[in-house]
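Given chain A, put chains B, C and D in place with the hints provided.
Number of protein chains: 4
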Amino acid sequence: MIIIKFETDYQEGCHPRILERLSQTNFEQTSGYGVDVHTERAKELIRNIIGKPDAKVYFLVGGTQTNTTVIKHFLTPCEGVISVSTGHINVHESGAIEATGHKVLALPSHDGLIAASDLKSYLESFNADPTNEHMVQPGMVYVSYSSEFGTLYTRKMLTEIKAVCEEYGLKLFIDGARLGAGLTSDSSDLNIQDIANLCDAFYIGGTKTGALFGEAVVFPNPDNLNLKQFTTLIKQQGGLLAKGRLLGVQFETLFEDGLYLQLARHSNVQAIKIKKAFTEKGIKFLIDSPTNQQFPILTREQNEELSRNFSYELWKPLDDGKLAVRFCTSWATTDENVEELVRAIHNL
Amino acid sequence: MIIIKFETDYQEGCHPRILERLSQTNFEQTSGYGVDVHTERAKELIRNIIGKPDAKVYFLVGGTQTNTTVIKHFLTPCEGVISVSTGHINVHESGAIEATGHKVLALPSHDGLIAASDLKSYLESFNADPTNEHMVQPGMVYVSYSSEFGTLYTRKMLTEIKAVCEEYGLKLFIDGARLGAGLTSDSSDLNIQDIANLCDAFYIGGTKTGALFGEAVVFPNPDNLNLKQFTTLIKQQGGLLAKGRLLGVQFETLFEDGLYLQLARHSNVQAIKIKKAFTEKGIKFLIDSPTNQQFPILTREQNEELSRNFSYELWKPLDDGKLAVRFCTSWATTDENVEELVRAIHNL
Amino acid sequence: MIIIKFETDYQEGCHPRILERLSQTNFEQTSGYGVDVHTERAKELIRNIIGKPDAKVYFLVGGTQTNTTVIKHFLTPCEGVISVSTGHINVHESGAIEATGHKVLALPSHDGLIAASDLKSYLESFNADPTNEHMVQPGMVYVSYSSEFGTLYTRKMLTEIKAVCEEYGLKLFIDGARLGAGLTSDSSDLNIQDIANLCDAFYIGGTKTGALFGEAVVFPNPDNLNLKQFTTLIKQQGGLLAKGRLLGVQFETLFEDGLYLQLARHSNVQAIKIKKAFTEKGIKFLIDSPTNQQFPILTREQNEELSRNFSYELWKPLDDGKLAVRFCTSWATTDENVEELVRAIHNL
Amino acid sequence: MIIIKFETDYQEGCHPRILERLSQTNFEQTSGYGVDVHTERAKELIRNIIGKPDAKVYFLVGGTQTNTTVIKHFLTPCEGVISVSTGHINVHESGAIEATGHKVLALPSHDGLIAASDLKSYLESFNADPTNEHMVQPGMVYVSYSSEFGTLYTRKMLTEIKAVCEEYGLKLFIDGARLGAGLTSDSSDLNIQDIANLCDAFYIGGTKTGALFGEAVVFPNPDNLNLKQFTTLIKQQGGLLAKGRLLGVQFETLFEDGLYLQLARHSNVQAIKIKKAFTEKGIKFLIDSPTNQQFPILTREQNEELSRNFSYELWKPLDDGKLAVRFCTSWATTDENVEELVRAIHNL
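Chains as they are written, first to last, in our numbering: chain A, 1 to 348; chain B, 1001 to 1348; chain C, 2001 to 2348; chain D, 3001 to 3348.
Same shape as in the complex, but just chain A (with noise of 0.2 Å):
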């Protein structure tokens, strides 16, 4: 029998119009590294969208060469980067940012978000510290949206960040891996424009929501951000690809007409029926998650149970002995796939 898998959202390949699209511009002839008319179709639709027409706009293949070399740009040689202690960057990048030579400064976690008052005592507590002169300098803060954890930051939480980064002439930096999650879940209360509003950078995540791979990183406001190099740097952290419109064939499609929303408002939709089957069924939640990610909490017999037909991601053995678990959907997610997830639910 076959397993259902729940683990991810990049465990499929591509929407299957992108597929069409790299096979009808298969054999155009295009200059490399992202100097080609997909690019910058792409650039231009996301520009767009965001509705700041001066924004700059790069292609990256992965999530870690983005987050460092975003990261590695905006800070001196003495500064570090803020971000949750749960934060992709300060977890799962193999030290990808240390290698660039930059330590993360880590903050708490409420379910995944940084708190701006955490922030800002954080923030006091450096200036006031008579030997802060021997320390990391704080130089940005790092956010997700929607966090490792599935969660989100309201309007009034990432404002209230901002203005604390502003304070403290901090950039403020949003890993948007998920962002398509985050924009399309019915617990947001921000767009895409906002977000580009509400920071210095942050990117599109084109792999969890229909790419092959590709990030696009926006910075809404690129004056005063000294950006002459970045396209040096992303060679130099090795995020540029040769065949660069491979990835301007991709945004372009997935922002021609919506799809891109669509297809993250999808993922959101099959999470939300599981979460429902999980709460019908009196199983609880590590955290309470408005988008493609959902933490229930089985027993040993429940996990035992499903994970006959499922797979999914242990997350983390609680002490009581159960076992929080996490179930992913995405673009690709079927119905035929989430009902049978949801009857087995019913039938633990």
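Hint data in this document are derived by calculation from the structure and do not stem from the laboratory.
Some clues are possibly wrong.
[Claimed, not checked] Listed below are the simulated DSSO-like cross-link pairs for lysine-lysine, each with C-alpha atoms no more than 30 Å apart in a straight line: (1) C/LYS2056 - A/LYS316; (2) B/LYS1316 - B/LYS1281; (3) A/LYS120 - A/LYS162; (4) C/LYS2005 - C/LYS2273; (5) C/LYS2162 - C/LYS2273; (6) B/LYS1052 - B/LYS1228; (7) C/LYS2052 - C/LYS2156; (8) A/LYS316 - A/LYS273; (9) D/LYS3005 - A/LYS228; (10) B/LYS1056 - A/LYS56; (11) B/LYS1316 - D/LYS3162; (12) C/LYS2005 - C/LYS2322; (13) D/LYS3276 - D/LYS3322; (14) D/LYS3052 - C/LYS2316; (15) A/LYS316 - B/LYS1228; (16) A/LYS228 - D/LYS3228; (17) B/LYS1228 - C/LYS2056; (18) B/LYS1281 - A/LYS5; (19) B/LYS1162 - A/LYS228; (20) A/LYS276 - A/LYS5; (21) C/LYS2056 - D/LYS3005; (22) A/LYS5 - B/LYS1228; (23) B/LYS1316 - D/LYS3120; (24) C/LYS2156 - C/LYS2273; (25) A/LYS228 - D/LYS3162; (26) B/LYS1052 - B/LYS1156; (27) C/LYS2120 - A/LYS316; (28) A/LYS5 - A/LYS316; (29) C/LYS2156 - A/LYS162; (30) C/LYS2316 - A/LYS120; (31) D/LYS3322 - A/LYS228; (32) D/LYS3162 - D/LYS3120; (33) A/LYS162 - D/LYS3228; (34) C/LYS2005 - D/LYS3228; (35) B/LYS1162 - D/LYS3228.
Predicted model, so just to flag it, every value in this text is computed and none were measured.
Okay, now just chains B, C and D, sitting in the frame of chain A:
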């Protein structure tokens, strides 16, 4: 009028069979990061073709990542990598090697190649230098096959370089971004097993030989190479693809029935036709290349004339006012386009 | 009126015998970079005192260089160093460890010390985590003796930590910036041979125990530690002194007849007098330190009063409005100054 | 018999007045890390002597730290530092520059000096290269005064280099490890104010001119150089001395009444006597140096003869079997030792 492009070997997409295969496998659900059946099969095919059942094979997205990852893996913090001065890592990777903390130790170029005798005298001088404890320690040698100038090491040359490496305890790494073009050149006296036997690591370039992207790093004799953390290092260097199976599917397609070498041979065949045309016209070359990159020396007038219908790379202005340029062919270069170019050359 | 300073243990120059010896040897001609008879003799004295004739000893100028050099030596590019959160490398070295590419993996502080049980559960969790290939690999443990809070590992605690390190294949490095104060505390149950037996590397801090500057790194069992390039690494990290014999002369003086421990003991004796005075006054401590750093908790009024004639470090404002401060003594702290301070405490 | 050493200019301790001053100030209590009256006064003396009241002055322990710190400060992650191929940072600092992530871009040596014309054509070629976005960006120029071969830029040469730097937006940094020997050479047409006027940063080497150790970095025009985090960077690079006043005391002594230049002049005077002796003997030089390093070319027999009583550095074996060697004098080189050497040369 459309300009026919001979600028690079990555100006088209990929071989249609790869797109087909990506379509066929698109909705398969696999784990991420290269833990999937396609990646496994691709590794197996490569191990078979090189005749090393214990070889370790890793897939990365692009060449810069591959070079930095392998070099960072092999070197201690005090060691540098020896390269010909014209080597890609010394010139065109935006300082990516230095960004990992390592110096590139440049040797003189002989048409893009290192001479074993130069290598040996460099190492002898280094060892004889009483101040060498304050110098970057030579830790490995980097060569390209085919080289950045399209030239090729002979079996004898590479065997000698390997012997010097062994004598001085250096690792030898072959950048195979254009391995296919090298192996399938009429001038080559090496096959892929030879390559595997003559180095500690090499990579098989996919990007320039029919793939959308992707490079396969091979450690033919992995014992004592301490590869336990190599996947983590790939991740740290930004080379680990989330949807890793895309690399697996591509290399499966390229290696299951000889497509890889067939495509590479095609690029050489097309290049040699162009070479012949220039030669017949009495046009000299900057370098005598037997592979898919050709470096004719044009007068300003010839350049102006050819530029009307063709694009190619301006390589280097020469002292006599002429221009060395580069024509590059690929797996996708059509007979029609070559014929049109050949006609234009004859009409110069 | 002159303020008497108890701010740090490096506010005076050096023990007069060191200056004498520097004068006596001033016009000797020696080779640079530690290739001289004084350095050789100092190494020999240290090897003798720790009872390890095969130990390797290196002298560096300062503590930051020493920590970065040893840590960079021990770790692979994917590994990080485990430290208590309050450890010097995690807080007060300006990101010097991250600047070498490595993450500091912080464990909770128990009065400035790591608990072996915390270390073990961290490592167990790490090994059990299915995603750990994407995480910084634990490569070594860093502890300070005495700690940044003046506290001490017992023989039992350090033996347990060493056992965990061995079980998990981690190196153990002891920062001995204040090793003397640790070893000569009445609360210590370890001598310098024990230290040498319980770690893979440690350093003997000169700066804070009578030298102008200088730290002696010791690898008690250098086999298999691959130290061939260690001097080159010291140079790369900026720790190799041109006039290396200055370090040799200082450590000769400190170790030829017990001066080092005698000076360290003096600093503890003076600190304990101060501790006693605070205790008698009913003043509590942030931490119960048995060495030359004392952390009394003062009311704002007490602080104001003492600040008139004495300077010391403001450590941390507490929630109840009181202030934790640090009084630090050294080899140079005079009886007169301590008596004056004790009087002032009694008069609070 | 005792060998008289002419190996380096750091083979003795320090000028006796420095030791005296260290003794006099030994029991003063000062804050650490350069926050003390001696350091302040030394900075003031240096600002006065260069005639730049707003200059910023920092003291570091040694030259490698100084070079890495200044270079790391000036460069963005994608930039490299241009140096003559024989420059100290390119040869003898164990890859310390690369360890901070930056490439050294080497230009040809003209007796140890960069030619402004070479610099200009390098920059013109770079700017004309259509692929330069994939290359290390030139960010600054590093020159040594006096050079590693004892040679000197003239005012005209340095002015031209500065003009090219300004034209191309590069910073100019002068390594003054042997600044004193340069400034006090009879061949020099530059004084220390000129140096300050012709660069963005330079350092005054103490180690080789009478100090125990220590280098003073000067930013003559600190506006727009963003130096706010420079002390933190010194700490990160391991160059911040705990007992910072030791540097202050030494530079006070060297600069309060002209001792620095007096000692430097002495070293040149002694070297020129030796140069004269070789010249009179008909012995040629590898390079015509007007400062404290002399590079005579000896036959094997001459070398054998001189080696009996003198030590000096073997610089380079020449193709004709002769040996280029280096004799180095310093502030401490005695008339007696020079006379003995001169006699031995005459007797060859």
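Pair hint C/LYS2056 and A/LYS316, alpha-carbon separation not exceeding 30 Å: violated (44 Å)
30 Å limit on alpha-carbon distance, applied to hinted pair A/LYS162 and D/LYS3228: Answer holds: A/LYS162 to D/LYS3228 is near 24 Å, not above 30 Å.
Next pair to validate is B/LYS1316 with B/LYS1281; report whether the Cα-Cα distance is within 30 Å. holds (21 Å)
Straight-line alpha-carbon gap C/LYS2120 to A/LYS316, limit 30 Å: holds (17 Å)
Holds or violated: are the alpha carbons of D/LYS3005 and A/LYS228 at most 30 Å from each other? violated (52 Å)
Taken at face value, is the distance from the CA of B/LYS1156 to the CA of B/LYS1052 at most 30 Å? Satisfied, since the Cα-Cα distance of roughly 22 Å is no more than 30 Å.
If you draw a straight line from the CA of A/LYS5 to the CA of A/LYS316, is it 30 Å or shorter? Holds - the C-alpha atoms of A/LYS316 and A/LYS5 are around 19 Å apart, at most 30 Å.
Hey, A/LYS276 versus A/LYS5, does the alpha-carbon distance stay inside 30 Å? The hint holds at about 19 Å.
Sort out whether D/LYS3228 lies within 30 Å of C/LYS2005, counting only the CA atoms. Holds. C/LYS2005 to D/LYS3228 sits at ~28 Å (cutoff 30 Å).
Proposed proximity, C/LYS2156 with C/LYS2052 (alpha carbon, max 30 Å): holds (22 Å)
With a cut-off of 30 Å on the C-alpha distance, tell me whether A/LYS228 and D/LYS3228 pass. holds (23 Å)
Pair hint B/LYS1316 and D/LYS3162, alpha-carbon separation not exceeding 30 Å: holds (28 Å)
Of the numbered hints stated above, those contradicted by the structure are hints 1, 5, 9, 10, 14, 18, 19, 29, 31 and 35, listed in ascending order.
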